[in-house]
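Asks: In case you want the letters, here they are:
There are 2 protein chains.
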Amino acid sequence: MKTTVRLFKALGDPTRLRIVKLLESGELCVCQLTSALQMGQSRISRHLSILKEAGLIEDRRQGKWVHYRLNPEKETRKVLPLLKPLDSDIIIKKDRMYIVSVSSCSTEP
Amino acid sequence: MKTTVRLFKALGDPTRLRIVKLLESGELCVCQLTSALQMGQSRISRHLSILKEAGLIEDRRQGKWVHYRLNPEKETRKVLPLLKPLDSDIIIKKDRMYIVSVSSCSTEP
DNA sequence: ATAATACATCAAGATATCTTGATGTGACAT
DNA sequence: ATGTCACATCAAGATATCTTGATGTATTAT
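The listed protein sequences derive, respectively, from chains A and B.
Numbered according to the working numbering, the first sequence terminates at residue 109, and the numbering increases by one at each position without gaps.
Numbered according to the working numbering, the second sequence terminates at residue 109, and the numbering increases by one at each position without gaps.
Where hints are given, some of them may not hold.
Which copy is meant is left open, because identical chains are indistinguishable; a pair holds if it fits in one copy or across any two.
Unchecked claim - Taking lysine to aspartate or glutamate pairs in the EDC-like style, the calculated list, with each CA pair at most 20 Å apart, reads:
{"#": "1", "residue 1": "LYS84", "residue 2": "GLU73"}
{"#": "2", "residue 1": "LYS21", "residue 2": "ASP87"}
{"#": "3", "residue 1": "LYS93", "residue 2": "GLU53"}
{"#": "4", "residue 1": "LYS21", "residue 2": "GLU75"}
{"#": "5", "residue 1": "LYS93", "residue 2": "ASP59"}
{"#": "6", "residue 1": "LYS2", "residue 2": "ASP87"}
{"#": "7", "residue 1": "LYS2", "residue 2": "ASP89"}
{"#": "8", "residue 1": "LYS2", "residue 2": "ASP95"}
Hint data in this document are derived by calculation from the structure and do not stem from the laboratory.
Construct all of the structure, not just a fragment, from the sequences and the given hints.
Replies: Shown next as structure tokens:
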């Protein structure tokens with residue numbers, strides 16, 4: 001029960017939905033997310049930790065950067081179809097365009 | 001976006017998950033839910049209105065009673081598979097057993 | 001009309017969640 | 001070792017959510 005509640009609570013926030021939708025297109029580091037979503041770094045980090053706690057995403061450290069991606073597990077992937085309606089959302093569209101055009105922090109990745 | 005957030009927020013609460021899982025087995029009125037979940041009536045009513053607002057359930061008045069059931073719409077039904085893990089939850093099991101054994105308010109339904 | 005039942009809604013306090021700014025940690029360069 | 005960059009975590013205030021008890025509404029019975 002606790003696990004299920006945690007999952008849905010994690011998804012019940014616009015910022016976290018934006019993050020998940022961005023990660024659908026592939027791995028991203030925290031600095032990319034902060035610049036795409038135009039939010040403070042601590043705010044992004046907190047939401048990432050909630051998503052991670054819910055089992056929706058996982059992280060991978062590469063040097064100074066920490067990359068986040070969607071959890072590839074079957075159970076987690078079942079959630080994504082429910083997020084399909086967001087594809088037509090204006091904010092989601094803009095977020096994606098931002099990631100495609102711009103990228104990265106200072107130098108890499 | 002608002003719609004999606006509302007949906008997941010509605011599902012991110014143990015009481016509401018218990019209600020949804022009970023309604024999976026069929027229509028129930030408010031008094032049946034209050035006695036099954038052992039909660040005050042206003043509490044149940046509030047959670048029902050949140051689930052209804054999220055489009056997960058619908059209501060039907062029959063005399064003094066108001067019956068609630070899962071929304072039969074395709075989009076709504078897509079959520080139910082994600083609730084499958086709850087079948088093994090102790091609380092969910094007990095809730096179901098209660099509904100099967102006991103029933104109803106005073107006289108009908 | 002009066003009373004009773006089933007339910008909805010409101011108000012207020014308790015609890016949890018979100019946001020911001022500051023501080024802490026780990027990796028890398030000099 | 002010192003500094004810097006990317007990120008995590010903490011503390012505090014703002015906001016939202018949940019619970020309880022009281023009140024309001026609709027329907028039925030008498």
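Asks: Hint by hint, say whether it matches the structure.
Replies: We went through each hint and held it up to the structure:
no. : hint            : in the structure
1   : LYS84 <-> GLU73 : both (18 Å within a copy, 16 Å between copies)
2   : LYS21 <-> ASP87 : within (8 Å within a copy, 29 Å between copies)
3   : LYS93 <-> GLU53 : neither (26 Å within a copy, 26 Å between copies)
4   : LYS21 <-> GLU75 : both (17 Å within a copy, 19 Å between copies)
5   : LYS93 <-> ASP59 : neither (24 Å within a copy, 35 Å between copies)
6   : LYS2 <-> ASP87  : between (29 Å within a copy, 13 Å between copies)
7   : LYS2 <-> ASP89  : between (30 Å within a copy, 10 Å between copies)
8   : LYS2 <-> ASP95  : between (31 Å within a copy, 16 Å between copies)
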